[in-house]
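Engineer: Residue numbers (numbering that gives the first Met the number 0), protein chains in the order written: chain A, 0 to 460; chain B, 0 to 1079.
Calculated from the structure, these hints are not laboratory results. Please note: incorrect hints may appear among the correct ones.
What the simulated footprint calls covered on chain A by chain B, stretch by stretch (three residues with Cβ under 8 angstroms from a Cβ of chain B suffice, anywhere in the stretch; the number is not a length) [as the list claims (entries may be wrong)]: (1) 13-27; (2) 155-169; (3) 192-206; (4) 331-337.
In silico negatives: residues of chain B with every beta carbon more than 10 angstroms from chain A [claimed, not checked]: (5) 156; (6) 192; (7) 356; (8) 376; (9) 415; (10) 420; (11) 429; (12) 440; (13) 605; (14) 857; (15) 899; (16) 989.
Glycine is no exception: its CB is placed at the ideal position from the N, C-alpha and C atoms.
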Amino acid sequence: MESPHDEAGKAREAFRGVTRDVAWVAEAPKPHKAWLAALGIALLMLGWGVISIYHLVTTGIGVWGNSNTVGWAWDITNFVWWIGIGHAGTLISAVLYLTRQTWRVSINRAAEAMTIFAVMCALLFPLLHTGRPWFAWWMLPHPNDMGMWPQFRSPLMWDVFAVSTYATTSILFWFMGLVPDLATFRDRAALRGDKIRAVIYGLLSLGWRGSARNWHRYERAYLILAGLATPLVFSVHSVVSFDFATSQLPGWHTTIFPPYFVAGAIFSGFAMVLTLMLPLRHLFNLKHIIKEEHIEAMCKILLATGMMVGLAYATEFFIAWYSGSLYEKFAFINRAFGPFWWSYFAMIACNVLIPQAFWSRRIRRAPVIIFILCIFVNIGMWFERFVIIATSLARSFLPANWSYYTPTRWDVGLFVGTLGLFFTLFLLFFRYVPVIAMSEVKGAMPEAHAGGSKGSKGGHH
Amino acid sequence: MSAKEPTDGNVHEHHEHDHTEHHAHDDASLAPIGPTPEFGYWKSLRELEGKATLQTDRSGKEFATEPSRTIDPMHRRNFFQLMGASMALAGVGACRYEKEEIVPLARRPDGSIPGQTQQYATAFELSGVGHALVATSFEGRPIKLDGNPDHPFAAGGIVPGTARHAGSSTFAQAAVLNMYDPDRSQNPLAAGKGASMETFHAALPKLREAFATTRILSEASSSPTMAYLRGLLAQKGVQWHEYEPLSNDNEREGTRKAFNRPLRPIAHLDRAETIVTIDADIFIDHPAAMMFSRDYSRSRRLGGSLGPGKMNRLWSVESTYSNTGAMADHRLGLRSDLALPFLLALDAALGGGGAGPGSEFLKEQKVQTFIKVLADELKTNTGRAVVIAGRRQPADVHALVAKINQTIGAVGETLEYREDPDPSRKPHLQSITDLVKDLATPGRVSTLIILGGNPVYDAPVDLDFAGALSKVATSIHLSETQNETSQKTSWHVPRSHFLEAWGDTRTWDGTITLAQPLIAPIYGTLSAIELLSALLGDNKTGEELVKEAHAQLGVVSASGANWRQSVHDGFVANTGLPVAERPAVAGFAPAQLTDSQRGGTKRANGDIEVTFVASPFSYDGRFANNAWLQETPDFMTKVTWDNYALVGPETAQALGIANDTLINVKVGDKSVELPCYTIPGQARGSIGLVLGGGRTHAGRVGGQGTRSVGWDTNKVRLSSGFDIAGKASVSATGKQYELASVQEHWDIRTGLVPAVTQEGIAERLPELIQEVTAKTLSETKDWRPDSEVPQYFVDRNQGGSHDRPGAGGLSLFKEKDYEGHRWAMAIDLSTCTGCNSCMVACQAENNVPVVGREEIFNNREMHWIRIDRYFSGSPDDPQVVHQPVACQQCEMAPCEQVCPVGATSHSDEGLNDMAYNRCIGTRYCANNCPYKVRKFNFLDWNKEWRDARNRVRRLLFNPDVTVRMRGVMEKCTFCVQRIQNGKIKAKAAIRAGQRAGTVNGALPDGEIETACQQACPTEAIVFGDLADPTSRVAKLHADNRSYDLLPETYTKPRNRFLARVRNPNPNMPAAKTAGGNGGH
């Protein structure tokens, strides 16, 4: 039996260890070589994206592969994909917080950052896919002397509100959680005599003192924001799915879309979290914070959501047949066996078949395999959106209009550009911002509960 | 048509003055055509073929991005345009309005109201045949051409008592663009170098000294003024030749054989119960095509011109599948050279004497039945039937047709013969052959004056016209643009467009039709008659010349009393050619049958027949630089921006070629390489070569130097096989060339299970395009198309809206109640011949941009109205169904619900309006449109017109219609500008007390016409106000045959289609169609 005093000392030591392990990434005088290499690649991709945007805006949507038949293709596919990716961040930070899933603390910071960056990437597409992006602000309701007002029956309008709310809430939530950790960074910078960092982190930490009152307010605000963010996990992607569900187009016109899209979003989001965390965990030696159990839990979620989307695919097919509608039936048969069959089967393989591997505990604990499988899930979820959007449009009601879609280098360029933007931001985040929610990790550590009853969620320091 | 004022020459004078590369693909492994046991509806052979085997070509590469195919402007458009775009961005130029200069009209000409258009009668001549037109002029510049609804030959309504109407052809519609062609020549050229008109005039006196050795080679002309000047020149010893690459002389010579004098047969289809066409496309490629279309549609309805319960039946025998074949109730695909034995057999079956030709092919069951049933029907319908042979067919065939027409009692009933205006003229082919002979003989010709035309390009290749031309000391070519011939002559003189010059012509019946100018020549050019006058040393103006000639003819009094009236009307009344009173066919012996004509229909390579087909894009090549026409898809092939060889499925299989294979066609020792289009219904052993491509000096649109649109099929057009050449051989070159079709965008990738595509089409087509037989329709009183608003909509709200009783209701959105006008359209699929006039008319009226070949591949064509075409039945004997589709102006428009900025919204009159400057271009509306009629400006299609050298083209824009910028959506508006103008005019007239009515009340039916309706030669498109129950459109909407497209989407379209009525002979075996509900 150790004395309470010893216990407190050990706990302090453990907490300090966490701070040290997280802070060294930001405080290392020279960035890691792998980090620099990754940033270089990300910036190159971003550069390609910038050129693609320039060419797109100056020349017109005609630089893409879109046509009069296939009005949306990679643009909206990418939009939905990115928005979906963001969802896991919100789910991890808000829903798992409310449901007291302590394992979330190791990854929630990065997952939230991922949400924000993904939403930023996503927002580029609705803006740039318009023929005249310089007038995109007409989508916002604003008083004006032209008597113009948005048209609220359009799901695109709903998107504007859903996505902007989502972006705002996510940013607030993320920043809110950052404040105590930024204060830690500030203090450590001040101790080291790094004045520039001390000022910057000082401004960002909003005068955090770590007082009981501070903590009290923080906990309240965090809870409220978590409460606000939770419905967004379900509402945002439901609204995005309305773009399709409320239309006339066979293959889009489906009531199953809201839950199906949400499940898919969480599925792709978790895959992306893993894709990002696994290499970084390895690179920055955070294995004792992001533990195997955490990864395994996420794999289980992937397995569950993967089967949900699989069920959705099957349901769609059944309903298409059951509806008795000629056009509906054709849309789905054509999807699987028509000219775009390869994208359909890519989707099925990546989203339904490959995640079945997670039934195996051995695989759930093999980071390399998980990483590879998650890449497949990301690809598969991209194809899901592509299948829904492009294949339905390519062959709608009148056969004379039937068409095919092929992307151009500018379609690819913009997509790669957003990947570049995402990774650039993520790498910068990793280097300059507390990448793991130190205060929350500490709260979830066994040492934090040493003095009190085992079940308590004290977590106050 | 509102008042037309004679201008008397007072023309306002305030005017200032894409291309393709041939991509060859080295992919020779082509899919053979497999057996296709069941047939439904299908779009093209290659799609049907897909059932047998997965296509190669692009289909093999799933993720392929072919450089030639991608829309990448980097190589699609030229480098300078991209540069321009980048420059523009530098100042975000894209968001700015452009600076423009305006020319104030300080002294306003009498009677002109700024901003209002005026209409003037004029005429245009194509291959020597006049077409009476009305030109619409906006502040002194002509912007639109339409048929003259007052002209005795051109005009006439379909339904008695309805508005006057005169349709027009695509060429007539597009001709106005030629005037504003930036590639028109502006100055004479002397030996290839720029010269002035003065130097040309100064060179003329010397030419006058050598009149005895001067020859004139003119394109065909029926102008009385030209004939008059020709007479004057003949007196001075000038010899005259006339040549036309697409000539009707075979018919002329055939009648000469039959009657000992040339006569012009003119059929009256409105009186015919049986119409038989022999290798003739009477709706498109015939001098009287517009009249035939109109008369045909008069008798093509139960209760039409034939009386209650009666409707015509069209039989078509032809080698290539033409629009006429597509309209036919019975079609026989037959080599063109077998028309003669076919007719001999028909003649024999009609009891015309003789035992029949005994050709192999006549033993085929299909042919035997066809002839027998046809002959029986002709016998039954004596005096109510007519046979028409096409211009490709030799004189013998035309003579035989004359004989058959006499046998079936057509003459004087369904057919009249008119005297030829110039019986002594040599046939065109003979005339140019003689000329070339004389040119080659030293000393015979010192000066050759070529009036129009382009003989270097289109004269028979064996004559080597260019070689002969080089031997002449002085050669002058009068031409609107510097074409191939201009390059070889010592003088090129720029020619006035017909809208810039006085002239006259004769319509096919002979009525003298006046062409008055609407604008002073933009470039100080000369018309043909002015050139001849200058040559004579008179230097008279065009107007003086026409007046003089008409005074000589006696059609205008010396005082000119009726001149103003004629100019106003656009024609001189009662000047039609005299009708020959029941001429009797003299005995004639048709030529001996050749070996080929004694044979069967299956032929080996080397015994393939080649026929020459007039181009729907460029006619004979003359419209090659006309981008509107180049981009108007051919009705049958849906191909744009190219010509090709038409090959039937069996021939293609035998030769091992497929769609888009580059083939080498060899006729005699001449050969041409061109891509082939495999088209079902093309006769076995026959290949159709479309003319008019491969121009080397057409201009920036049609081809310059090595960049050219299409392929020069004149290379194998010999004087011995000018229309039909036998013994041709075909070989695949192993290369591919992709034709830009607007309908089969990528369909060649038929997917994992190709049958999915085919069955998908076959299943839905019977719903989309409704068909019924005349028998069913007349026997079943309450026949309705199988296309109703689904019961669940009806059940939910029995009340309904006023025009669809019982069909209101189940909608999230409030349905609108309409007071006042309710604009609507009806399209009769029974009489739409697929002539494409509506497409070009719409393009001209609505400033619809042209996108070019590469963008057609990218499926970005901008036509506001298109014609969907599908095949049904088996590939050797297919039927065609088609459907013109414009915006359906849905009352519950899906596009309106999804626009986030409300750029597309509903008007109180039921129009689905589009506010271009509100559109931000999300394209959501287009995605949600079940008809896919919305067209997006993917790029800046009008960029070229900002280039200084192209500025003249901008004068053509219709000022009533916005020119759309890139990034916005556009679509058919039901010509809203015409609606508003019509309403304003009516209101003004009512307020001024000039006419009765209430200011906001109904307008007289037919007062407002959409551009497509106005151009439609068959009045298949009817527009009007549903609020007026007596309007034609209201009656058609209530017709039993009418139906909505895609009623289950509950869009409540304001456009309704009328089911196509087929009228098969009950004794003919039923055509194999898949699902059609024709049998209801």
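Engineer: Per the stated criterion, does the least C-beta distance between residue 192 (chain B) and chain A lie above 10 angstroms, as a non-interface residue requires?
Structural biologist: holds (40 angstroms)
Engineer: Determine whether the non-interface label on residue 415 (chain B) survives the test: each CB of chain A must be over 10 angstroms from its CB.
Structural biologist: holds (40 angstroms)
Engineer: Over 10 angstroms to the closest beta carbon of chain A is the bar; see if residue 989 (chain B) clears it.
Structural biologist: holds (31 angstroms)
Engineer: Would residue 156 (chain B) pass as off the interface with chain A, using Cβ distances and a cut of 10 angstroms?
Structural biologist: holds (31 angstroms)
Engineer: Checking the smallest CB distance to chain A, is residue 376 (chain B) really beyond 10 angstroms?
Structural biologist: Given a closest Cβ separation of 34 angstroms, the condition holds.
Engineer: Per the stated criterion, does the least C-beta distance between residue 899 (chain B) and chain A lie above 10 angstroms, as a non-interface residue requires?
Structural biologist: Per Cβ check, residue 899 (chain B) is inside 10 angstroms of chain A; nearest 4 angstroms; violated.
Engineer: Test the statement that residue 605 (chain B) is away from the interface with chain A: the closest C-beta pair must be farther apart than 10 angstroms.
Structural biologist: holds (38 angstroms)
Engineer: Could you let me know if the closest chain A CB is still more than 10 angstroms away from the CB of residue 440 (chain B)?
Structural biologist: Check passes; 57 angstroms lies beyond 10 angstroms.
Engineer: Would the least Cβ to Cβ distance between residue 420 (chain B) and chain A come out above 10 angstroms?
Structural biologist: Holds, because the least Cβ-Cβ distance between residue 420 (chain B) and chain A comes to about 44 angstroms, which exceeds 10 angstroms.
Engineer: Does the no-contact call for residue 429 (chain B) survive, Cβ to all of chain A over 10 angstroms?
Structural biologist: holds (45 angstroms)
Engineer: If we take the beta carbon of residue 857 (chain B), is the closest beta carbon in chain A still more than 10 angstroms away?
Structural biologist: Incorrect as stated: the minimum Cβ-Cβ distance to chain A is 6 angstroms, not above 10 angstroms.
Engineer: Just want to verify: residue 356 (chain B) was marked as not at the interface with chain A; is every Cβ pair farther apart than 10 angstroms?
Structural biologist: holds (42 angstroms)
In summary, the structure is inconsistent with hints 1, 3, 14 and 15 from the numbered list given earlier, while agreeing with the others.
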